[in-house]
Every structure is written in structure tokens, then in C-alpha cells.
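Enquirer: Chains as they are written, first to last, in the working numbering: chain G, 1 to 133; chain S, 1 to 336; chain L, 1 to 559.
What the hints contain is simulated information worked out from the structure, not anything from laboratory work.
Incorrect hints may have been included.
Stated by the list, open to error - Rough simulated footprint, nothing fancy, chain L against chain G, three-plus residues with beta-carbon under 8 Å:
(1) 9–17
(2) 52–64
(3) 84–90
(4) 113–126
Keep in mind the model is a prediction, meaning the values are calculated, not measured.
We put the CB at the ideal spot given by N, CA and C, even for glycine.
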Amino acid sequence: MAQERKIKIIVAKPGLDGHDRGAKLLARIFAEAGMEVVYTGLRQTPEMIVEAALQEDADVVGLSSLSGVHNYFFPRVVELLREKGLDDVLVVGGGIIPLEDVDGLKSAGVKAIFGPGTDTNAIVDFIKNNVRN
Amino acid sequence: MIPDVERHSALMLTDVAGEILKGSPRAAARLITWLENEDPRAFPCMEALFPHSGRAYVIGITGSPGAGKSTLTDKLTQTIRSSGLTVGIIAVDPSSPFTGGAVLGDRVRMSQLSLDPGVFIRSMATRGFLGGMARATGEVVKVLDALGKDIILIETVGVGQDEVDIIGIADTTCVVLVPGLGDAIQSMKSGIMEIADIFVINKSDHLGADQLYTEVTTRVEQDHHIKGRPWLAPVVKTVAVNNEGMEDLWERIEGHRRYLKASGEFMQRRRERTGRETLRMIHHEIFRLVRRRLEDTGEMERLVGEITDRKRDPYSVMKEVLSGWLKQAGPTGEAS
Amino acid sequence: MSEDKSLEKLKAAKEKWEQGSVQKTLSKAPERRKVFTSISDIPVERLYTPLDVADLDYERDLGFPGEYPFTRGVQPTMYRGRFWTMRQYAGFGSARESNARYRYLLEQGQTGLSVAFDLPTQAGYDSDHPLSMGEVGKVGVAIDSIEDMRVLFDSIPLDKVTTSMTINAPATVLLAMYLAIAEEQGVPFGKVGGTVQNDILKEITVRGQYIYPPKPSMRLTVDLIDYCFKEVPKWNSISISGYHIREAGSTAGQEMAFTLADGIAYVQACVDRGMAVDSFAPRLSFFFNSFTNVLEEVAKFRAGRRYWAKVMKERFGAKDPRSMMMRYHVQTGGVTLTAQQPINNVVRVALQAYAAALGGCQSLHTNSYDEALCLPTQEAVTVALRTQQIVAEESGAADTIDPLAGCYFVEAMTDRIEAEIDDYIKKIDAMGGTLAAIEQGFVQKEIQNSAYRFQREIESGERVYVGINKYTMEEPPPANLLKVDMSVGEVEAAKLKKLRAERDAGKWKAALDHLREVSQSEENVMPAVIEAVKARATVGEICDVWRGIYGEYRPKEFV
């Protein structure tokens with residue numbers, strides 16, 4: 001019997017912002033949902049995040065931003081993933097993200113944006129339902 | 001889950017091994033996933049890669065949590081890199097026995113190495129495997145080896161004294177101790193003393209470091225004389241977070257490597273390891289097939305019911321299953 | 001003697017009530033929950049009576065405002081003399097825009113300034129550094145050089161306003177710039193007043209804006225405190241912070257405990273430097289959070305004041321009463337505000353401001369209701385300021401001192417929280433002190449466990465969060481959100497180019513060389529930093545000097 005496949009997810013905070021309460025909480029919650037979570041820590045550049053996703057063969061990349069930098073960083077991560085041939089990696093984002101920016105982020109390739117107060121079970125379900133085969 | 005979309009750049013089965021030999025980290029990452037999941041696609045790749053493995057030198061880093069293994073691995077890698085060698089790192093963390101998930105947090109401390117093309121870092125969850133590593137770790141070593149990494153560092157879980165499987169994989173095993181965590185007393189009682197080729201006293205700027213150093217050195221010398229262990233394990237002081245002691249440690253590792261080669265122990269250990277590993281693989285695969293057949297046909301359920309009701313005993317059940325299997329497998333094998 | 005007897009009587013009466021009326025009511029209608037706990041996981045009983053404060057000794061435990069143990073307040077007349085300082089945190093984009101916002105707030109009645117810096121500035125990077133990409137001017141004002149500082153305080157007299165600067169790792173640099181500008185305005189250092197946060201320990205545990213490893217960071221911290229004590233006597237040289245600890249998910253007790261633990265570490269570092277406790281301690285100040293559970297918050301502040309007074313007196317041997325006073329600024333809880341139904345946040349902030357006033361803070365920032373959506377609009381900021389003014393003028397909270405004293409529940413809670421603080425401090429001491437506890441991840445793990453527990457309570461519905469897990473509604477997307485000008489980064493980069501081309505290169509180099517020298521000696525770095533900023537060295541350049549000497553810090557992450 002083969003080992004059960006585990007969803008591998010990178011949880012990253014791009015940029016200089018140090019508020020990691022949400023990111024760490026989600027890392028823990030994802031692990032409790034049976035996923036294998038690579039928590040990359042603070043001060044990640046898009047290049048570092050994508051390299052980690054590549055080496056870890058991640059299924060999902062979760063990005064957290066509370067300092068208004070999402071419009072710069074999130075699309076950049078998607079762009080770099082594509083450059084490396086990692087198109088089928090699911091990219092999701094969360095934090096303090098104005099509703100009016102969500103459409104732009106989605107057309108840039110971020111599959112979902114989870115704002116403050118989102119039920120974490122909903123986030124887990126979304127990932128399980130949208131992760132690649 | 002949505003179905004995979006056909007893409008021209010999708011990794012094809014036979015390409016993976018070829019890509020790895022050309023140095024593709026992405027292909028290596030995918031094969032490692034297959035190995036972790038016991039995906040049958042892994043076997044032909046491993047067959048193709050095996051002749052290209054056996055070159056890399058494997059170093060195990062073990063010790064209790066809080067010893068600073070990740071920082072040590074990070075800084076040691078930087079030292080190794082400055083000598084021009086490439087490095088593969090496998091960082092193992094425990095899976096939760098309840099949820100099956102894991103937080104793999106070792107990579108955090110190696111941020112700087114993320115962008116070094118000469119370094120490949122992979123985190124692995126134990127997935128219930130005991131012994132301090134994941135079941136597939138030994139296989140992953142071969143992948144990184146074939147990928148072209150000169151040195152492979154394995155950072156084990158190292159939770160307790162039973163996590164000693166690292167010696168089955170590493171050429172040099174480093175045990176990291178820290179003053180003030182009760183390490184001295186604990187390690188004396190455990191198998192840790194036996195498995196260490198090198199002792200590292202990290203956070204050696206802390207109170208109690210000198211005392212720990214003395215305790216460990218004394219014990220090592222005792223073992224050397226009393227038990228006649230040929231290798232005298234050096235004890236190295238480091239302060240990994242300040243990048244102190246790394247060159248010393250690397251020198252000692254190279255020293256151990258030279259000793260192993262000169263004494264012939266290197267090949268002897270590898271032979272022993274290969275023997276154990278091969279038997280383990282056979283065992284694992286046979287069991288997997290037997291179990292799958294029993295479960296798929298519903299036979300397992302039926303037998304368990306009979307044994308529980310005490311209509312049958314497990315001993316005769318075992319003999320019956322085995323002889324049935326051996327008849328299926330081939331002409332040889334003992335009859336019951 | 002008769003007191004004990006009357007307590008016995010009361011106990012019996014209470015039991016009679018519980019077994020009688022209460023049981024009768026419960027059998028018809030149970031209480032809403034089996035067990036009531038506060039948001040900080042403290043059990044809350046049905047009723048508090050004199051039995052719960054039987055050991056309370058007024059003079060020992062409460063005392064009088066302005067006197068040891070300062071439980072009731074650090075000042076004898078408190079708000080009857082003067083309201084708390086209404087100090088709204090602000091700053092975004094360029095120094096020019098921030099200056100306009102400051103002048104607006106001062107006109108509207110704000111009495112002190114509070115500066116928010118962008119992340120590159122907080123992390124010691126210039127606006128054109130690769131890591132600053134996308135971050136310049138986002139969460140605060142971008143300050144690269146003394147020129148930016150001059151624009152920031154244009155037409156603002158530094159002898160008439162006090163300024164609080166939320167800056168930590170490069171606090172020496174920003175303070176040096178502020179002092180240099182004061183000098184340009186002709187204001188002597190003796191008249192300059194304000195605060196720098198300068199609290200590196202909480203950066204390491206919960207906020208992430210650290211640069212150097214703990215030891216050299218503490219050196220810079222103490223240099224600043226020492227310099228201010230001698231040269232800038234009205235300056236509050238450190239704002240030991242619990243706000244961020246609470247935002248990271250701690251309980252009220254942990255917020256106070258870990259902050260005071262940090263405080264102990266700083267005081268110890270100064271004492272180890274050879275500074276006399278009573279010389280610098282009067283200028284220490286704190287910064288706390290204020291959540292919506294008014295009574296618990298008031299208890300927290302009172303417990304903190306009492307505990308800190310005891311610490312300073314008994315552990316550090318302070319003699320000057322001013323050394324024992326826990327003077328603090330409060331900001332209402334940012335993390336409590338919801339993106340859903342944002343107008344609800346006005347109510348939350350009002351309660352939190354009320355708690356801060358009842359608790360006896362020295363200055364207060366109230367959050368804007370749109371905080372969870374973006375950086376606040378001018379309209380929202382005005383409502384926040386009016387909230388303070390209404391609490392001050394209309395609620396009665398400011399007309400008598402520590403009005404909740406003697407309230408059975410609040411006194412019991414005060415004792416409870418003080419016991420929790422003491423428990424943590426003892427544990428931390430046993431680990432070898434605050435730095436050791438942080439290194440081992442003890443503080444971080446406690447905070448994360450509290451955050452996790454809270455999250456679970458919200459998701460299970462055990463704890464109601466209006467608008468989030470109960471009383472939710474469909475809402476149209478919010479309008480009128482503040483948009484940050486994306487071009488700030490480019491503008492700043494151009495300014496830097498110009499600055500570097502036009503400054504006196506010889507003077508600049510000499511200043512940085514001198515700074516490097518001093519930083520490797522026992523000498524206080526502040527004079528050399530002031531010299532460097534006057535020579536138009538940038539924040540990044542000065543911080544790089546120290547990066548070269550002390551290295552960059554990469555702490556362990558505890559998930």
C-alpha cells in the first residue's frame with residue numbers, strides 16, 4: 001500500500017513585515033489538517049519563496065501580507081513560479097488586502113485571497129479542493 | 001481535486017532520471033516526492049540513477065531539540081561551500097501521530113542558502129517512521145548524490161535516545177549537545193554515545209559548556225580504552241549562531257573521512273549498510289504486497305474476525321498465508 | 001476579629017443565595033455557558049463579594065495616587081489636572097504628506113505627535129535598497145536622511161510639541177536626526193521632549209524588525225538611554241512595549257508579564273553598564289494594548305503598576321519614587337477590529353479607550369474604524385480622535401481617580417493578574433533571564449499557544465465575535481479607502497541619488513569612519529551618530545556600518 005499523498009504547502013511572508021501571527025497560526029492549522037507545511041519565516045524575497053517551492057515540490061504556496069505590499073509581491077511570486085515551470089502550483093494569499101485589489105490579484109494568478117476573519121476551515125477546504133492532482 | 005492539465009513541460013516518466021543527471025533540481029524534487037509517497041514511478045528512476053550514486057559523502061547531524069542543529073547545518077554548509085563543494089541538505093521533522101501533518105521548520109534557519117545554486121534543501125516529515133528520519137531518507141540521499149551534490153547533510157529529528165538510525169545512512173555522524181539542557185546526563189545513558197563519530201558542543205558560550213566538554217571528553221576516552229573503540233571521537237566546541245567553530249568541525253569531519261578510508265572501515269560500513277538496506281527494501285516490498293493482497297481481497301477482515309472470535313489462532317493463520325504466498329511467488333521456499 | 005466573623009456570616013449568606021435563589025433560577029433557565037472565562041482565559045465567577053478581597057489591605061495594596069505602590073495611578077491628581085495626551089499614530093508615504101497630516105491633527109486638538117516609519121526605515125534600509133522594493137512609504141513615512149526629517153517637521157516647533165517615534169533597531173539614528181533638526185530650529189536639547197520606542201526585545205519575539213543580534217542591540221539601546229539621561233533629560237528613551245505582544249495573541253496577563261520581563265532586562269543592562277537605577281529609571285516608559293473587556297484591562301493596568309513598583313523597589317533598590325512609576329502609552333487593540341461591518345469598530349475603540357482611561361494611562365492612541373481594511377482615512381482618524389475627547393469630557397472617567405478601586409471583581413482580577421505576572425517572571429528568572437527565555441522560545445511559544453486557543457474558540461463559536469461568527473451580514477465592498485501613492489519609492493530613490501551626489505563626500509566618509517571606530521569601543525555612539533546624520537549619512541549607510549561590525553541576526557522561528 002503506497003503512502004498516502006500529503007499536500008505540501010509553503011507558508012511565506014514576503015517583504016519586511018514581521019507580523020507573523022496569522023501565518024504561524026495557519027501553518028499550525030494546515031499541519032493539523034494533515035498537510036506538510038514548510039514555514040519559510042520572515043523577510044522572504046519572491047526568489048527565495050519560489051526556490052523553496054521548487055526544491056520542496058510544493059503543491060501550494062500561501063502568502064501573507066499585512067503591510068500593503070501584496071500588489072507587488074503576490075503577482076511577482078506567480079510570475080517566477082511560471083518562469084520555473086511550476087504553473088500548476090496553487091497560489092493563495094491572505095492578510096490585510098483591500099477588496100478592490102482582489103480581482104487584480106486573481107487575474108495575476110492568485111487563486112484566492114483570504115481576508116481577516118476568514119474561517120480557517122474554509123481555507124483548508126479550498127486548498128484541498130483546488131490543489132493539483 | 002481538479003484533474004491535471006496536459007502541458008508540454010509536464011515531467012515525463014523516463015525524463016526524470018535523465019533530468020536529474022543533468023542537474024535539474026525540479027526533477028530531483030519530483031522524484032523525492034514519488035519516493036515519499038512510494039509512488040511506483042520512482043522505481044525505474046532509482047534503477048537508472050543508482051549507478052551514478054555512491055559518490056557523495058554523507059554527514060548526519062543529530063541531537064535533542066534546542067541544540068541548534070538547524071543553525072549548525074546552515075553555518076556548516078556555508079563553510080563547506082567556501083571550499084567549493086556542493087551540498088544537499090535533508091531536514092527531517094516529526095509528523096503528528098494524530099493528524100498526520102507536520103510543520104517543517106528547519107528551512108527557516110537556512111534562508112540565506114535558498115538562493116545558492118550549489119545547495120539543495122529538502123524538508124521531510126517522518127510520516128510515522130521512527131528512528132529519527134523518514135523512511136525514504138536513504139533513497140533521497142541517492143537522489144541528491146546523483147544530482148551531483150558532493151556532501152549530503154542530514155539533520156535528524158533527534159528527539160530522544162532511540163533516534164539512532166542515522167548511523168545506517170551517514171558516513172560521519174555528529175551528535176550535537178548543548179550545555180544546560182541536561183544533555184550530559186542523558187547522553188551517558190543512551191545510545192547517543194555509541195553512535196557519535198564527532199561530538200559538537202554548541203552554544204559553547206553558555207554556562208556549563210566547559211563542564212560538559214570535560215564530561216564528554218572523559219567518557220569518550222573511557223570508551224576508547226575500555227571498549228577498545230578504534231576511533232577517538234573528537235569533541236568540538238561551536239557557537240553556531242556566531243559562526244564560531246565551523247572550520248574546526250569541518251576539519252574534524254574530513255579527518256574522520258580520511259580515517260575511514262585509510263582503515264578500510266569506509267567500505268566495510270558501506271557494505272554493511274548496503275546489506276541492511278537491501279534486506280529492508282525486500283522486507284518492505286514483500287510485506288507491502290502481502291498486505292495489499294490480503295486487504296484488497298477482504299481476506300484480512302475475514303481472518304481478523306476469526307482470530308478475534310477465537311475460531312482460529314494467529315500462528316496457524318500466519319503459516320497458511322505464508323505458504324500460500326510462497327507457492328504463488330515461486331518454486332522455492334519451505335513448506336509449512 | 002469581628003471582620004473574620006462578618007466574613008463567615010457573609011460566606012454563609014452567599015452559599016444560601018447560591019443554593020436557594022440561584023439554583024431555582026438555574027433549574028428553569030441555565031446560564032449561557034458552563035464555564036465563563038475572559039478572553040485571557042481567566043475564569044470569571046457569577047458574583048464577587050468582599051470574600052474575594054478579604055486579604056486586601058488598602059494602604060499596602062492600593063495606596064494613594066502618586067505614591068507607592070502606585071496601584072491607583074502614578075500622579076496625585078491624574079486627569080483632574082490634565083487629560084492624558086491624545087497622541088494619534090500617523091505617517092505614510094512621503095515626509096511632505098505626513099507633515100500635512102501632523103499639522104491637521106495639531107489644529108484639531110491633538111497634543112502630541114506620533115511618527116510611524118515605513119518598514120525599510122524600521123529595518124535600517126534606504127529606500128533604494130533591493131529589500132525595500134514595494135515597501136517604501138507603505139506603513140509609515142520613509143526617512144532616509146536628515147533632509148527627510150526636516151520636511152517631516154516643517155513648521156512644527158519642537159519646543160512646543162512632544163513627539164513619539166515608533167522606531168527600534170535604528171532608534172539612535174532617527175533620534176539623532178530629530179535632535180539635529182531641533183538644533184537647526186534653535187531649540188536646546190534640554191527642551192526637547194518625546195519618546196523613542198527603542199525596544200528590541202519585543203522585535204525579536206513578536207514584531208520582526210530587528211537587525212543585529214541581541215547583545216550588540218542591547219548596547220545600542222543602553223547607549224541611547226544613557227545619552228538621553230545626560231543630554232536630553234525630557235526625553236523618554238525607551239517605550240517598553242506590550243502592545244505588540246498582545247497583538248500577537250497573548251493574554252492580558254502575558255502582555256504585562258512579558259513586557260515587565262523585557263523591562264527587567266533593560267534595567268539590568270543599564271545597571272550592568274554602571275548606571276545608577278534612580279538616574280535613568282524615571283525616564284523609562286511603557287506601551288500597552290487595550291482590548292474590549294474593560295474590566296479585565298483596568299485590572300491588568302493596575303496589576304502592572306503595582307508589580308513594576310515592587311520590582312523597582314525590591315529587585316533593583318530604587319529610592320526615587322519616580323523610578324518605580326509605570327508610566328505608559330496605550331493604543332487600542334488593532335487586532336480586535338474587523339473588516340466585516342467596520343462601523344462596529346467605533347464601538348470597540350470607544351470601549352477600549354474607556355478602559356485605558358479608567359486604567360490610568362498617560363497617553364492614548366485610538367484606532368480608526370477602517371484599520372482592518374487599509375491605512376486610515378482622514379475622516380476615520382478624526383472619529384478616532386473625537387472618541388478620546390468624548391471619553392475625556394463626557395463619560396466621567398476623568399473626573400475622579402481610579403474609580404473602579406474597591407470593586408470586588410476588579411480588585412480580585414488585579415490580584416489574579418499580578419499573581420500570573422509573578423509566576424511568569426519567576427519562570428523566566430529560572431531560565432536565566434529574559435534573553436535566555438527568548439532564545440529558548442519560551443515567550444514565543446506561550447504567545448502562540450494563546451493565539452491558537454483564541455482562534456479555536458472563535459471557530460467553534462465558543463466565544464462570540466460580533467460580525468465574524470455571529471450577527472454576520474452580506475455587505476457591499478467598502479468605498480473611500482486610502483490609496484498609497486505607489487510612486488513614493490521612485491521619488492525617494494531619486495532624492496537619495498541627489499543627496500549622495502551633493503553632500504560633502506569627505507565629511508561624510510570621516511563621520512562614518514569615526515562611527516565605526518566608536519562602535520567598536522566602549523564609548524557611547526550617539527554623538528558620532530549625530531555627527532554622521534549631519535554629514536548627510538543615510539539610515540541605511542549608518543546601519544550598514546553596524547551590520548559590518550555586529551552581523552545580522554537570524555533568530556529561530558518557533559511555529
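Enquirer: Looking back at the hints listed earlier, which ones does the structure fail to meet?
Expert: 2 and 3
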